[in-house]
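Engineer: Position chains P and Z against the provided structure of chain R, taking the given hints into account.
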Amino acid sequence: MSWKRFENFAGIVLPCLVGPAMIVALYLIFMVVPSERDQGIVQRIFYVHVPSAWTAFLGFFVVCGASLLFLWRGTDVWDRIAKASAEVGMVFCTLVLLTGPIWARPIWGAWWTWDPRLTMTIILWTIYASYLLLRAYGSEDDQIARYAAVLGIIGAIDIPLIVVSVRLWRGIHPAVMMSRDPQGGLRDPWMRFTLLVAALTFLLVYAWLLLVRVRALRIADEVERLHRANRIP
Amino acid sequence: MSGVWQILAKDLRIEFRSKTGLGSLFVLGLLVLLIFQFALPEKPTPESAAAALWISFVFAGTLGAQRTFLLERENLALDGLKTAPIDAASIFLAKMLGTLVTLTILQAVVVPLTALFTGIIPPAPLGLMGVCLLGNVGFSALATLFASISVASRAREVILPLLIFPLLVPLVISSVKASAVVLGAPGDAVVWVRVLVAFDVVFSVAGWLLFEQVLRE
Amino acid sequence: MAAVVEAVGLGRRFASVSALADLDLEVRAGESLTIFGPNGAGKTTLVKLLAMVLRPTAGRLRLFGEERPRAVLRRRIGVVSHGSFLYDDLTARENLDFYAGLYGVTNSRERVREMLAEVGLEPWSERPVKTFSRGMEQRLALARAFLHDPELLLLDEPYSGLDPAAVAHLQEILMRFHRRGKALLLTTHDIGRGLEVCDRAVILRGGRLVWQSGRFVPGPQEMARIYERQA
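Residue numbers (the working numbering), protein chains in the order written: chain R, 1 to 233; chain P, 1001 to 1217; chain Z, 2001 to 2231.
Excised from the complex, chain R in its bound form (with noise of 0.2 Å):
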């Protein structure tokens, strides 16, 4: 299959699918699953946090893999996947930060903590800031698209070491109690399966903002290229 007849294909599929699984989530989230002993009804936000943050992580993973294949392959699609995912990425990112504190503060008092997942989300999302910063400000050079890659790439290298890193700096100075922990805790069985579906739906929901993006892009590109054909004589 091309690679326009499968766009075309997701195109209509993702919409479809989105929808429902919406529904579906919101509903298991707010009239199935169970509340949590301790935390009582505010955890439910935890189906939201949690599954942004893994979609958050996932987009970079895919910028560096669009930045890998677009240094590799040259062809201008991958760049725009990249470009695309950083956008849609930051999106994921910053609603990790935004329903951290708003589940941290009537479970454990604190606005803000340094517990090792909500700091290295807070750092992913300076990588994805500095990501499009670079794109913003260099937005007239014809080889920022390379410089951008450079970047991606490098941006996921160091995500393991941040990750040991800032477990080892929790590891000696202890946060804020918590008995948050999504799969210990999870024990109810539609817990588990609620977690999952809110998982999926924020995937298709990353799938299909991406195609969209990628989409706008190529056609700017395209009228771009169409204004500067005009202009010479």
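Cross-link-like lysine to aspartate or glutamate pairs, in silico, EDC-like; alpha carbons within 20 Å at most:
#	chain 1	residue 1	chain 2	residue 2
1	Z	K2130	P	E1074
2	P	K1019	P	E1074
3	Z	K2130	Z	D2163
4	P	K1019	Z	E2126
Here are some, though not all, of the chain P residues that point toward chain R, as calculated from beta-carbon distances under 7 Å:
#	residue
5	I1149
6	S1153
7	P1166
8	P1170
9	A1206
10	Q1213
11	V1214
Don't read these hints as lab results, they were simulated from the structure. The beta-carbon is built from N, C-alpha and C at its ideal position, and this holds for glycine as well.
Structural biologist: Chains P and Z alone, transformed into the frame defined by chain R:
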């Protein structure tokens, strides 16, 4: 690895001949230390001394890292390097080593100043030097790679801190922690040194491989 | 005679702008080619492609018969461009020593001295380049390009910014180089000077080759007429 030594020698010669440059780096390092002194609580601890040291180093170092590519901007000298029969990787190595040398000299000034200002004399000076060197290597690798991007692109030079600060997190955490231990804080430095070494190796290699992508058009 | 440069359908675009398109060009060993063209015609882009600073985005380029030129091949090419590639803080001799080292020139001491003498800069060899005039800088850039005895010399608008005496001096050096059997590729606006050194001439406009001389190169007046028509 032809060309590495020639480029490094040339860079060092130009660096030491220029009247400004190194001077402004030292002054910046000193200024950051001063600000730290005024901002910190009264009694300095090994942890706060380590923090002051590395924050000063990162700020001054970021400024210093650009210089190695700024000097290639005059007369389009970078094109001169691009048309020479040498690999991009050799240029990277030479530039990274040049930055390493400059920053080592910076450290040689900042570390004693930190000891002076905080009154904390390093009980294990060799250990401290080792940690500083390890931190320096990783910093130079990343900074060299991204300095070439910030100087080459039309993005203003202010982009360099934006690009490298998030990426430097593991380096900063490890260096500060290891330095604090070496300066007398309780704890185990070895685990941090391991992270530093991993960082150094990973980014030296990554920079070495990816630099060609930045250089070529 | 072997072809030193062989371009077929060569093209280069930047973002969505096409700087060069559909270029078929050949330069044989020992041949001298002058490329005329207005600003924005793509002359600098072409020189950069031949100097292996840029990669083509379309078509094929063979240098010294090699399809994918390796870094080592650059040893056979000398480049004089808009920038002099010189370091202002270093002396003339230090600059040449540096490049001699990079290009692996044997007997570099001798060679550097020889080159400085050839371009008439010996008296200034220990002075920093920032004290040089434009003409002197250009001559040093030329010395730099000759240092490793290249088989192909690429010059991008070498006469610009030079006074008549400097131009004459430069011309003399170029003719000497050409007589030694090296290939020369020159881009310029200066029709008179450009014609003096060349075996063949072409005109570039809007990134395309719009005119080629045959084996018979026209004189300056006729060339000026052709140029006006084409450019």
